[in-house]
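Asker: Residues per chain, in single letters:
2 protein chains.
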Amino acid sequence: MDKIIIEARINELASKDDNSNVPLVPEEIIADSVACYNEGASVLHYHGRNSDGTPNNSPEIYKEVNSGIRNVCPILLHPSLGYIANDASAEERFFAIEEMMKKPGTAPDFAPMDVGSVNVDWWDPKSNRYTTTDLIYKNSTETLMYFADRINHYGLKQYLVTWNVSFTRQLEAFMKMGIVPEPAYICICLTDGICLSGHPGTPEGLSAQIQFMPKNRDIIWTVVNYKGNLFKLTEMIINAGGHVSIGLGDYHFKEYGILSNAEIVAMVVKQARDLGREPATVEETCEILGIEPTGNGSKQN
Amino acid sequence: MDKIIIEARINELASKDDNSNVPLVPEEIIADSVACYNEGASVLHYHGRNSDGTPNNSPEIYKEVNSGIRNVCPILLHPSLGYIANDASAEERFFAIEEMMKKPGTAPDFAPMDVGSVNVDWWDPKSNRYTTTDLIYKNSTETLMYFADRINHYGLKQYLVTWNVSFTRQLEAFMKMGIVPEPAYICICLTDGICLSGHPGTPEGLSAQIQFMPKNRDIIWTVVNYKGNLFKLTEMIINAGGHVSIGLGDYHFKEYGILSNAEIVAMVVKQARDLGREPATVEETCEILGIEPTGNGSKQN
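If you read the sequences in order, they're chains A and B.
Residue numbers for the first sequence follow the numbering used here, so the first one is 1 and each next one is one higher.
Residue numbers for the second sequence follow the numbering used here, so the first one is 1 and each next one is one higher.
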């Protein structure tokens, strides 16, 4: 079977209270990227954060992190577009990527497109109540078409996220329109715990997403379990030919102790090898996804 | 097996160009409600429209239609909240219902809650392009909580619509919060053709919704195929114990000629009887759904 692409999702909006190994500031993110790469991750997803844990989506943070990583490690870079529930324009949301593209060495490899809209309020399963009530993750068709156009313009890889079947159908429509180049890299975002926005992180939840993946198209799929333990599904994913996107950004993994992101990557690698799949190197990941290898500051506008 | 609730969805945003039998003005809607009732429908869903086909969501239209129907027919009334993609406040969106509740004889029996947000742009399958690009059906958690509160306040029945599994999970959360009384009446909104917003109108699309219905809860589910031919699924729905919501509002049904809504209801009734289920009367529908029978102007604020 194909090699497996392991993406380290290292911080998202997670707190050091969740797990003290969550990296926040650029130096921590850069060090974590090297550690994850050394264990077998070929893609890094991260959010810009301040030392107090608050989000920092300024382009400067992303440029600093990207160039810092480019200097030490060839891992493929997938930065966030920033906080997900807001009313910013498409141009504003994509602004940090535009800035990253201005200088050699600060460019990412992927830019995300969450192909639809969905309520993303936080749920408290202990008290059975919502802790927020006004968060809609709004990605209008025109915003997504703008993102697709800019990502294609720069020759970056679209990181296509689906939260439910409505997203997947819009993604398939975009493929028919010709604005999603193949192979399409599709992330199935399951959710659990305090987030009810995706399919549940169960075999049924995953299967009900996989069965609606676009037919007769060249697609490669990976799986996230946001706020849940993806290890409940990694055997299924590995055996089904999928790829794995995992890390402390999504879940604390305290069932296994206080792990680092690199230790989580190592757990996936071990399980994948036990099941007969080797982790894809950066070069192999580029080949699978049909992108040009970058790394070490070679990427230019 | 239980009797089957047949809801006539008579006009939505459909045009007389789609099918000349689409009812638009109050007299047409009232006449159609009687015809559908006589064939076996126990619930009527309609949108206020002008004679030129444009939407008319003024409370006056809804009051005129509701009281007109109450005078001639006991069918249960499920009016629309109006156009689906807008930025109106929860209060504005619910205003017509508040007005309907002010007088005996103009009250509805149901008010809808679409339990989530989703992109609802129109797709042209012939040219493979979107004909709109900015339509997000926004139903924030706080808006939905407001609707639930008002619907419960008036003793109306929540008509709970799910477009995908994210909606269903939010609906289940609302049940845990205690704001959705049981039995919960859940409409699975599949979509086809020019609308990609729900699960596809296939056995797989329907099954992938049914399997995530809230467990260990008293729920009753019905199915719509917006912009698709629901008759492809009615045998499956009838055999599975579901209910059927169908009409010219959703689809032209030109495969079968130029049908009226009443003829479509009659087709469902015939198939249900052939499969061993009788259509539920208004009284039986009220019993199944746990609501008080109204009709003939008895409903009051």
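Worth double-checking, as some hints may not be accurate.
Same chains, same names: a pair is fine if it fits in one copy or spans any two.
For lysine to aspartate or glutamate, the following DMTMM-like pairs were computed, each having C-alpha atoms within a straight-line distance of at most 25 Å [stated by the list, open to error]:
#	residue 1	residue 2
1	176	28
2	103	28
3	138	87
4	138	52
5	126	87
6	232	27
7	3	283
8	138	91
9	176	124
10	103	92
11	176	204
12	126	218
13	126	142
14	126	255
15	176	134
16	126	182
17	126	92
18	138	124
19	138	92
20	102	18
Just so you know, these hints were derived from the structure itself, not from any lab.
Quantities reported herein were computed from a predicted structural model and do not represent experimental measurements.
Asker: Does each hint hold? Answer for all of them.
Answerer: Verification of the supplied hints:
1. 176 x 28: neither (41 Å within a copy, 40 Å between copies)
2. 103 x 28: within (23 Å within a copy, 65 Å between copies)
3. 138 x 87: Classified as both; 8 Å inside a copy, 13 Å across copies.
4. 138 x 52: Classified as neither: same-chain Cα gap 27 Å, cross-chain 33 Å, threshold 25 Å.
5. 126 x 87: The answer is neither: 30 Å in one copy and 32 Å across copies each exceed 25 Å.
6. 232 x 27: Classified as neither: same-chain Cα gap 31 Å, cross-chain 58 Å, threshold 25 Å.
7. 3 x 283: Classified as within: same-chain Cα gap 11 Å, cross-chain 61 Å, threshold 25 Å.
8. 138 x 91: Both, since 14 Å and 21 Å are each at most 25 Å.
9. 176 x 124: between (39 Å within a copy, 11 Å between copies)
10. 103 x 92: within (19 Å within a copy, 49 Å between copies)
11. 176 x 204: between (28 Å within a copy, 21 Å between copies)
12. 126 x 218: between (42 Å within a copy, 22 Å between copies)
13. 126 x 142: Between copies only: 20 Å across chains, 38 Å inside a chain, cut-off 25 Å.
14. 126 x 255: Within. Shortest intra-copy distance 18 Å satisfies the 25 Å Cα cut-off; inter-copy 51 Å does not.
15. 176 x 134: Classified as between; 19 Å across copies, 33 Å inside a copy.
16. 126 x 182: This pair counts as between: shortest inter-copy Cα distance 22 Å, intra-copy 43 Å.
17. 126 x 92: Neither: 37 Å inside a copy, 33 Å across copies.
18. 138 x 124: So residue 138 and residue 124 pass the 25 Å test inside a copy (22 Å) and across (22 Å) alike.
19. 138 x 92: both (14 Å within a copy, 21 Å between copies)
20. 102 x 18: Cα proximity of residue 102 and residue 18: none, with 35 Å in one copy and 52 Å across.
Hint compliance for this structure: hints 1, 4, 5, 6, 17, 20 are broken, all remaining hints hold.
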